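Q: Spelled out from the first residue to the last, the chains are:
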Amino acid sequence: MPVFINSIAAISPQDTLNPEAFLEEVTYQEGYSMLCQEPNFRDFIDPKYLRRMSRIVKIGVCASKVCLKNEEEGFNPDAILVGTGLGCLEDTEKFLSAIYEHEEQISSPTQFMQSTHNTVASQIAIMLGCKNYNFTYVHRGFSFESALLDATLQFAESEKETTNILVGALDEVTDTYLDVTRKLKFWKPNLQGQDFQFNSAWDHMQAGEGAAFFLLSDLQKEETFAEFKGVEMIYKPADSAEVKQKILDFLERTGLQPHDMDLILTGRNGSSSNDEIFDEVHHDIFKDKAQANFKHLCGEYKTASSFGFWLGAKILKNQKVPASVLLSDKSPNKIKHLLIYNNYSNINHSLVLLSHVE
Amino acid sequence: MGKKVYITGIGMISSLGFNVEENLDSLLARKSGIGEIVYLDTLHKGKLPAAEVKASNDDLSGLLGLEKKRYLSRTAILGMMAAKEAYDMAGLRPGDGFKTGLLSATSVGGIDKSEDFYKRYLKAPDEVSNLELVVSHDCGDSTERIADYLQIRDFITTISTACSSSANSILQAARMIKAGYLDRAVAGGTDVLTRYTLNGFNALKILDEKWCRPFDQTRTGLNLGEGAAFLVLESEEAVLKRNKTPLAELKGYGNANDAYHATTSSPDGFGAQKSMEIALKIGGLEPGQIDYINAHGTATPNNDLSEGTAIKSVFRDYLPIFSSTKSYTGHTLAAAGAIEAVISILSLKNKVLFPNLNFGQAIEELNITPLLEIKNAPEIHTILSNSFGFGGNCSSVIFSNKM
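Protein chains in written order, with this note's numbering: chain A, 1 to 358; chain B, 1001 to 1403.
If you're looking for bench data, these hints aren't it; they were derived computationally from the structure.
Hints may be right or wrong, so weigh each one.
As the list claims (entries may be wrong) - In silico contact screen, one side only, chain B against chain A (beta carbon under 8 angstroms); selected entries: (1) Gly-1095; (2) Gly-1140; (3) Thr-1161; (4) Ala-1262; (5) Gly-1392.
Since the model is a prediction, treat every value here as computed from it, not as a measurement.
In this text, a Cβ means the ideal position worked out from N, Cα and C, and glycines have one as well.
Turn these sequences into a full structure, and let the hints guide you.
A: Structural data, given as structure tokens:
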């Protein structure tokens, strides 16, 4: 049964909330991190909810609201599935600070309540009054992918005529997170100035953040972006040969071959230890295929692949690869099938296949 | 309905004991694990009781044959112990030709380590020697350590839906097996006592300074616990091929959201009612076929009233025997669903039901009394176990020994 992506929304370091724009103009940020371009949340979220929300909860809830903006009042997805690598870090840190500042005598539980990993999935359910299936996955570079896999199970199990699933992901950068990861030497803050031109020799790696939500459905509509054909996760592959074999197996299960791919969308993050595998996979499996990349625009985080999913869906709908993401010399003329290959820390590798719908 | 999923192994560590056998002995002896805090470094020591696993991290690492590592979270250590026990009981071996996954649940992840780090960091932000304590902060860390310990690589994920988390890892494992993604899965959860959760629940004013009293009129809150439990779930085909006799069948499961409030259950317990009803429907069961309910029963004023109301709505004139074993184990948060699943399977296997300790008088609005004594139950066949969490996450699972 085909599954369609009927709506997309992303809040990211780029101007991704604007439906008219498509990365024609991109913004780079100097230093260790790329932070989200935040909208005026009051335009999207009821102030009575907004008051208590931390920044990532606002970003996550807002992205979900934009994703569902075309749905009628009273619309409830059949499942709400959210992935997050680190959850609500800001409130976690605030509550930890309070524990030590007040010597374990704390009167306000607000930050504790808002720091659980399922906060955003729960807030969305409360706002929609949605009592259906509700899940939060928190596994590093598999968080968003696990939510996608759950969605494919939902469609297979559903006995309803039409099934709609809200899938999303979110992660935030906080000052402490940045300070700690900077000391652990996670990043390469080599970017200086705004005149950076993305190419295969880029050499900086930044922490990133964002939220992206998608409405998946088994009903194709005029506004459908693409077909979601499947997801695969590869945990700690023994070597690059295992990755390549699993890519071939994954494509075969969807009835496709490497030569059917029109674009490979990669999650290169700017560190050579992470990115070598992308070069090898491209050379050995997708030699003549066009390549594009997404992490130079969103930074590295555990659910960055959700930004890649947003980009892939938009590329298929627009039938156009923005120059700001293209790694190859030329953009393909027609993009029927697109493979997103991501890798987090060389431990969590993931594949997502999206296809164009007529 | 559809394919069958069996349980072929269980593992558990809690305040009641280091393995399934020790846990069973404590349950049968009516011995609660709740007591004064010994191992957690907290100013609430001596004031707030909790149900700690009675050993230090170093001692537990020793039992596992692991090197003592400062950054290794207690969450990972407990998880490895319980998962290994379930894995061995089921007779699994790495690379034996079956597609095997690990689905673990946790709410605190490695906060036990990062809260130590953070305490120092607030005073001395540039001290680098403690940075290694942060690497296990995220919830995925304990899962990957368990996976590596058991050499599980086909599929791994981590679930965090507050106190319903490990019930969800069990039901998600079942769904993946039914859909043919996996032949079998090690599914459960692990959570440890931390200053973070102790102070969080204390700020919410839902911790009892005495032993918790689930479903009692005078209940004022929960006692936190810690532990880990895992189940091996297996497809019918794998069970047949391996010629295994299952411990139980996972009959049904349900997941719903209360969509009411971030931390409070709705007065009518709608989410709880819906998760129980879905579990019955998937199991193809009538309410009258449930012999016993292992309730979520945290002993907070809100949960027990809401859950009791939901149970009455689902079961109407027929109320099965029920109890909350959190009076033994404390509330082990993300591990609770799996711990209570193991207790349910022990009941099915040993034909014995475990009581609700510390109960005095029924909640006025409900007028229902839980099981108060250990009960031999030769006719016990089908058990429903509830797990509900902050964020309105409600899950129910049903196990049966009628296979």
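Q: For each hint, tell me whether it holds in the structure or not.
A: Against the structure, the hints:
1. Contact between Gly-1095(B) and chain A, as hinted, is not supported at the beta carbon level, the nearest pair being about 12 angstroms apart and thus beyond 8 angstroms.
2. With 8 angstroms as the threshold, the beta carbon of Gly-1140(B) comes within range of chain A, its nearest partner Cβ sitting at about 4 angstroms, so the hint holds.
3. The interface hint given for Thr-1161(B) is met, as the beta carbon of that residue sits about 5 angstroms from the closest beta carbon of chain A, less than 8 angstroms.
4. Because the beta carbon of Ala-1262(B) sits about 5 angstroms from the nearest beta carbon in chain A, less than 8 angstroms, this interface hint is met.
5. Annotation: interface hint on Gly-1392(B) holds; nearest CB of chain A at approximately 6 angstroms, less than 8 angstroms.
Checked against the numbered hints given earlier, this structure breaks only hint 1.
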